[in-house]
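Both chains are given apart, each in its own frame, so use the hints to dock them into the complex.
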Amino acid sequence: MPGSHPFLSGGFAPAPESSDHVLLEKQYDLFIDGKWVKASSRFETTNPATSEVLAEVGLAGKKEVNLAVKAARKAFEGPWGKMTGAERGKYLFRIARLIQERAREFAIIETMDGGKPIRESRDVDIPLVAAHFFYHAGWADKLDYAFPGKKPKPLGVVGQVIPWNFPLLMAAWKIAPALACGNTVVLKPAETTPLTALKLAELFQDAGLPPGVVNIITGAGETGQALVEHPDVNKVAFTGSTAVGKNIRRAVAGTDKKFTLELGGKAANIVFEDAAINEAVEGIVNGIFFNQGHVCCAGSRLFVQESIAPQVIRKLQKRMETLVVGDPLDKNTDIGAINSAEQLERIKVLVDAGQKEGACMWQTEGKLPRKGNWFKPTLFTECAQSHRIVQEEVFGPVLAIQTFRTPKEAIEKANNTPYGLSGGVWSDKGAKVFKMTGALRAGVVWANTFNKFDPTSPFGGYKESGIGREGGVHGLAAYLDL
Amino acid sequence: MSRLGIKKTYKLFIGGKFPRTESGRFIEFNDSKGDFLANVSWGSKKDLRNAIVAARSAQAGWAGASAYLKGQILYRIAEVLDGRSEQFVSELVAQGLTADVAGEEVAEAIDLLVHYAGWSDKYSALFSSVNPVASSHFNFSVPEPTGVVGLIAPTKGGLLGLVSVLAPAIVGGNTVVLLASEKFPLTAISFAEVLATSDVPGGVVNILTGKRDELQVPFASHMDVNAVVLCSGDKAAKKAVDLEAAENLKRVVNHPDRPLEGSPYHILDLQETKTTWHPIGV
Chain A
1 MPGSHPFLSG GFAPAPESSD HVLLEKQYDL FIDGKWVKAS SRFETTNPAT SEVLAEVGLA
61 GKKEVNLAVK AARKAFEGPW GKMTGAERGK YLFRIARLIQ ERAREFAIIE TMDGGKPIRE
121 SRDVDIPLVA AHFFYHAGWA DKLDYAFPGK KPKPLGVVGQ VIPWNFPLLM AAWKIAPALA
181 CGNTVVLKPA ETTPLTALKL AELFQDAGLP PGVVNIITGA GETGQALVEH PDVNKVAFTG
241 STAVGKNIRR AVAGTDKKFT LELGGKAANI VFEDAAINEA VEGIVNGIFF NQGHVCCAGS
301 RLFVQESIAP QVIRKLQKRM ETLVVGDPLD KNTDIGAINS AEQLERIKVL VDAGQKEGAC
361 MWQTEGKLPR KGNWFKPTLF TECAQSHRIV QEEVFGPVLA IQTFRTPKEA IEKANNTPYG
421 LSGGVWSDKG AKVFKMTGAL RAGVVWANTF NKFDPTSPFG GYKESGIGRE GGVHGLAAYL
481 DL
Chain B
1 MSRLGIKKTY KLFIGGKFPR TESGRFIEFN DSKGDFLANV SWGSKKDLRN AIVAARSAQA
61 GWAGASAYLK GQILYRIAEV LDGRSEQFVS ELVAQGLTAD VAGEEVAEAI DLLVHYAGWS
121 DKYSALFSSV NPVASSHFNF SVPEPTGVVG LIAPTKGGLL GLVSVLAPAI VGGNTVVLLA
181 SEKFPLTAIS FAEVLATSDV PGGVVNILTG KRDELQVPFA SHMDVNAVVL CSGDKAAKKA
241 VDLEAAENLK RVVNHPDRPL EGSPYHILDL QETKTTWHPI GV
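Chains A and B are the protein sequences, given in the same order. So in UniProt numbering, the last one in the first sequence is 482, and the numbering has no gaps at all. So in UniProt numbering, the last one in the second sequence is 282, and the numbering has no gaps at all.
Some hints could be false.
Here are the simulated EDC-like cross-link-like pairs (lysine to aspartate or glutamate), alpha carbons at most 16 Å apart as the crow flies [claimed, not checked]:
no.: 1; chain 1: A; residue 1: Lys246; chain 2: B; residue 2: Asp269
no.: 2; chain 1: A; residue 1: Lys258; chain 2: B; residue 2: Asp242
no.: 3; chain 1: A; residue 1: Lys150; chain 2: B; residue 2: Asp269
Label pairs and their calculated CB-CB ranges [what the hints assert, rightly or not]:
no.: 4; chain 1: A; residue 1: Ala243; chain 2: B; residue 2: Arg49; range: 23 to 33 Å
no.: 5; chain 1: B; residue 1: Ser90; chain 2: A; residue 2: Gly138; range: 50 to 60 Å
no.: 6; chain 1: B; residue 1: Ile6; chain 2: A; residue 2: Ala243; range: 53 to 63 Å
no.: 7; chain 1: A; residue 1: Glu25; chain 2: B; residue 2: Glu214; range: 51 to 61 Å
no.: 8; chain 1: A; residue 1: Arg250; chain 2: B; residue 2: Leu69; range: 32 to 42 Å
no.: 9; chain 1: B; residue 1: Leu69; chain 2: A; residue 2: Gln363; range: 32 to 42 Å
no.: 10; chain 1: B; residue 1: Ala99; chain 2: A; residue 2: Lys151; range: 16 to 26 Å
If you're looking for bench data, these hints aren't it; they were derived computationally from the structure. A virtual CB, placed ideally from N, CA and C, is assigned to each residue, including glycine.
Pulled out of the complex, with its shape left as it was, chain B reads as follows (with noise of 0.2 Å):
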C-alpha cells in the first residue's frame, strides 16, 4: 500500500520566521503537467510592508557584522543548498524546467554563492580610496552599505536569478525584502528554509511571493527603502518604480529580465561612498 505524501505549505518568509500572508489570499499553482502543487502565498502590500519594518531592524546589525562573518554565512548558504540540491532540482523540474537545466542551475547557484562569499572580505578593499588632498589632512573613502533594499527577481531562472540578485545584496551588508519569480515561487521559499539554517540572521532576508504588477511599485513608494533592483524589461515598470521612487531618492539599479553574472560591481551598485577628512598634526 503506497503511502501519502506531506505536501508542504508555502508561506511568506519574514524576519527569520514564516507567516501566512495577512491578506489570506493564494495562488493555485500547478505544476507543468497541470495538476494542483500548491497554493502560494499572495503577498500583499501589508506584507511587504512587515517585512520592510523585519529588514530595517535587521539593518544595523548585519552591516556591523565582520566582512569575514557575512563571508562565512555566505558559504555557509551554499553548502546548506548543496546539501539540500536533489530537492531544489526535483521542485525547478515541477515547476517547468528539464532536469539538466535545474541541475546546471542548481550548481550555477551554489558556485555563485561561493564567489561572493569570497567577495566579503574584498570589495571594500577594490573600491575604497587614500586621496592625496592638497591640506593637511588625511582623506579617505569607503563603500557602506545602502541599507534596506528591495529586490525584485527576474522572472527567468528561478533558483539563479534569485541568488543573482540577494548575494551581492547580502554580501554588502544590506538587509532586503525579495519578491519571488511569479513562475518560481516554490523554489524562492524552499531556498528561505535554507537561509533559515544557514546563520543568516532573522530579517536580513525576507521573501515575498505574490504578483509583480501589484508590489513593485510600492516597493518604489516605501518611505523607509534606500534602494530597489528591478530586473524587469518592461519599460512602463520602469517608468512607474523610478516615479515613485523619486519620493525619497532611493536608488534603483535596473537589469535585464534574467539571472546577473557575478561581478563586484553589483554589490557596488548598492554602496554609499562615505568619505572622512581627519587633519594631520601634532
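So that you can see chain A by itself, here it is in the shape it has in the complex (with noise of 0.2 Å):
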C-alpha cells in the first residue's frame, strides 16, 4: 500500500511472484521411515495473507510420533551410524544443491504458508538454508578436530519442534548439524506453517537419503509434547517461545535427554548521537520490521540517545510510511501478512495494553488489505520501563522507544530483561562500541547491523532466552556426546 512517501504517491504497479509452476498437493501425510503414512485426522493449513486454504496435513499423535521415532532408531542403529562421517557428509552437499535449484518453488510456498514477503523468504530464508546444509555438511568429517582433547560421539535420536516465523530456514538450522553429527532426527514443524518442511521430505527422497534418517510429523502443540515426551528421544531441541520452552524443560527434567531451547527476547537496539543516523534508522527499521516482527531477535525495544530522539523518531516515521505492505507473494512488498489470526489477536492485545498504560502510539497511514491478517508498522514513544510492550515479547511490527543519556543508563534498561538472545549498538566511536557489546547481556550483538545470520555464527541465548547455540563451531557441541 502507497504511503504519503512523494515516490510513492502513486504506489509501484503490482509486481506479483508466480506460483503457477509450484506443485502443491491438496493433502499431505506423515513422512516416516523414507514412506508417506496417513495419519488417522488432517488439518488444513491457509494462506494468511488470503484466508485461502493452502492444502490438508496429518496430523501425527502419540502412534505416529511412535512410528517416527522407532524409524529414527532403526536408521541410527542401521545404515545413517554405520556410514562414514565424509560419506554422511555427501548427502548433506547433496541436500543443499537440490535446494538451491529448487529455491524459487521453496520461496514461493514459504511465502503462501507463512505470510512473508517473497523479498525475504527468496533473498534470506531460501539462501541461509542452503547455506546451513552447505555448511554443516563439510563438518561431518571433521568432528574429532572440534573439541580438542574430545572424542564426539553422535547422541542418537533427535526429537525437534519448530516455529512458524521461519520454517524452512529452522527446519535447515535443525536437521543440518543434526545429520552432521550423525544423529537421526523427527521433526516437527510448526502448525500454521508446515509445508516446506513437507517439500522438504520431498527432497529427501530425491536425495535417496535412507529411510528414517529424517521424519517429519506434523501437528500441533501435543504432537510436539508427544515427541519431546518420547522416551527413545535422545535429544530434544526446541525454538519457540520462552513459555513453551520453559515447560520442555520441564518435561525433561532428572532425564538423561540433552535439550537446547532458542526462545524469546526483547532485544535492545541502542543508537548513541554519535552514530550514522540514516543507517541506524535502516538498522532500526530491518531490526523490528523484518520478517513482520516475528523475529526472536527482532529489535523490538529501541534506545535512543536523548540528544538525537526528535531527529531520529522523525526520520524513523518518515521511512516507515514508505514501507510497502500487502501482497506477500509481491515483489514490492516489505511487510507481509500477520502469520495467524492468533498471532494477530497477541499483536493487538499488547497494543491496547501499550496505549493503555499511557505509552504514545503512533502507525503509518496506509490501508491494509480488507481479507487476511495484517498489522500496520507501529512504534511507541512515551515508554516507561515498566510498560507491558517494553517487558513482553509482542512477535509483530512494533517498536517501544525509549531514551537515554548515559552509556551506563542504556546498559541498565538494556539488561533490565528477563530474556538475553541479541542486541544493537549504533555508534561511529569503536571504543564504545566494544564497550557497549561487551556490557549487553545476550548472545548475538548487532553493532552498526541488525538482523544477519550466518550458519558459521553461533545464534542463541542468555537467560531466558534459551539454552545452548546453534549455528558455528559451538552449535556441534548440541548434537555430540563429548
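Right under this line is the structure:
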C-alpha cells in the first residue's frame, strides 16, 4: 500500500511472483521411514494473506510419533550410524544443491504458507537454508577437530520442534547439524506452516537419503509434546516461545536427555548521538519490521540518546511511511501478512495494553488489505520500563522507543529484562561500540547492523532466551556426546 | 600443666565476612572417634539469599577483572593453601580421613588450583572463534561468564571436591555460592579463610554449610542464580533441581558425587557464548 512518501504517491505497479509452477498437493501425509504414512486425522493450512486453504496435512498422534521415533532409531542403529562422516557429508552437500536448484519453488511456498514477503523468503530464508546444509556438510568428517581433547560421538535420535516464523530455515538449522553429527531426526514443523518442511521431505527422497534418517511429522502442540516426552528420544531441540520452552525443560527434568532451547527475546537496539543516523534508521527498520517482527531476536526496544531522539523518531516515521504492506507474493512488498489470526490477536492485546498504560502510539497511514491478517507498522514513544510493550515479546511490527542520556543508563535499561537473545549498538566510535557490546547480556550483538544470520555464526540466548547455541563450531556441541 | 587449646568457631562465609547463620541453628559435629569437635552453622534459605545478593554484587567486578589478575589470584589461593596444608591435613583427619589420604587430597587440591590458574588467560582463546560469514562483516564469538552460580559440592573429597567445582567456576569470571559437603564442613570454612587472605574480592566466593536436602532446591529456585552445578548421584535430587531451574531457565550442570578432574570444559560449562557482528567497509 502506498504511503505518503512522494515517490510512492501513485504506488508501485503490482509485481506479483507467479505461483503457477509450484506443485502443491491437496493433501499431505506424514513422512516416516522414507514413506508417506497416513495419519488418523488431518488439519488445514491456510495462506494468512488470503485466508485460502492451501492443503490438508496429517495430524500426528502418539502412535505416529512412536512410529517416527522407531524409524529414526532403526536408521541410527542401521545405515546412518554405520556410515562414515565423509559419506554423511556428501548427502548433506547433495541436499544443499537440491535446495539451491528448487529455491524459487521453496520461496513461493514459504511465502504462501507463512505470509512473509517473497523478497525475504527469496533473498534471506531459502539461501540461508542451502547455506546451512552446505556448511554443516563439511563438518561431518571433521568433528574430531572441533573439540580439542574430546572424542565426539552422536547422541542418537533427536526430536526437534520448530516455529512458524522461519519455517524452512528453522528446519535447516535443526536438521543440518543433527545429521552432520551423525544423529537421526524426528522433526515437527509448526502447525501454521507445515508445507515447506513436507516439500523438504520430498527433496530428501530425491537425494536418496536412507529411510528413517529424517522423519517429518506435522501436528499441533500435543504432537510436539509427545515427541519431546518420548522415552527413546536422546535429545530435544526446540525453537519457540519462552513459555513453551520452560515446559519442555520441565518435561526433560530428571532425564538424561540433552536439550537446546532457542526462545523469546526483547532485544535492545541502542542508538548513540554519534551514530550514522540514516544507517541507524535503516537498521531500526530492519531490526523490528523484518518478517513482520515475527523474529525472536527482533530489535523491539529502541533506545535513542536523548539529544537525537526527536530527529531519529522523525526520520523513522518518514521511513516507515514508505514501507509497502500487502500481498506477500508481490516483489515490492516490505511487510507481509501476520502469520495467523491468533498471533494478530496477541499483537492487538499488547498494543492495547501499551495505549492503556500510557505510551503514545503512532502508526503508518496506508490502508491494509481487507482479507487476511494484517497489522500496520507501529511505534510507541513515552514508554516506561514497566510497560508491557517494553517487557513482553510482541512478536509483531511494534517498536517501543525509550531514551537515555549515558551509556550506563542504556546498559542498565537494556539488560533489565529476563530475556537475553540479541542486541544492537549504533555508534561511529569503536571504543564505545566494544564497551557496549561487551556489557549487553545477550548471545548475539549486532553493532552498526542488525538481524544478520550466517551458518558459521553461533546463535542463541542468555538467561530466559534459551540454552545452547546453533550454528558455527559452538552449535555442534548441541548434537554430540562429548 | 597443659594449656587449654583454642577451639575455632566455624561460621559461614558471605560477602567476604564470616557471619553466623541468621537462623541460629547449628549441627553438632563429632570427630571420627565420636568426640565433640565443633558446632557447624546450619545455614538457612535466608543465608542462601544473602549469599546470592553478595555474589550478584561482586559479579560485574569479578567478570570484568583481567584474565591475568584472575590467574594470579587463583595462584595466590594455591600459595596460601600450601602454606596451611598441615592444618588442612589434620582437619581432614579429624573429619575421618587417614593421614595419607588427607595429605594426598590437600596436595591434589593445591595442584588443581595451580592448573586452573594457568587456564585463566587461555580458555577464552580455546573456545572463541572468528566466523567467516558470507557477508561483509567481522564476526566473532567469545565465552562470557554465566553470572551467579550455585555449587553443590561433592560429598566425597572434602577439600579436593570443593576446589574441583570452585576453581573452574571462578576462573571463568563467575561469582559463586557453594554449599559445602555435609561430611567435611570444617574444611570448607577453613578454606574460606584461605580465600579471605588471597585477594579474592569479597562476594566472589560465598560458602554455606548446612543440609543439602534442605538447600539444593532453593539454589535451583532462586531467580537471581544463573546456573547450578550439582554433584550428586541422587536421581530424585536431579529431577527436583531441574524442575525448579526451569522457572528462569538457569543452566544445570550435573556431575557424579566425587571430585572432578581438571578440564577446561568444566570452565566452558559455566560460560555463555556471545557473538558480535560489525560491518566491514569504508
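Hint-by-hint comparison with the structure:
no.: 1; hint: Lys246/A x Asp269/B; verdict: 20 Å, violated
no.: 2; hint: Lys258/A x Asp242/B; verdict: 12 Å, holds
no.: 3; hint: Lys150/A x Asp269/B; verdict: 15 Å, holds
no.: 4; hint: Ala243/A x Arg49/B: 23 to 33 Å; verdict: 26 Å, holds
no.: 5; hint: Ser90/B x Gly138/A: 50 to 60 Å; verdict: 58 Å, holds
no.: 6; hint: Ile6/B x Ala243/A: 53 to 63 Å; verdict: 57 Å, holds
no.: 7; hint: Glu25/A x Glu214/B: 51 to 61 Å; verdict: 60 Å, holds
no.: 8; hint: Arg250/A x Leu69/B: 32 to 42 Å; verdict: 40 Å, holds
no.: 9; hint: Leu69/B x Gln363/A: 32 to 42 Å; verdict: 52 Å, violated
no.: 10; hint: Ala99/B x Lys151/A: 16 to 26 Å; verdict: 38 Å, violated
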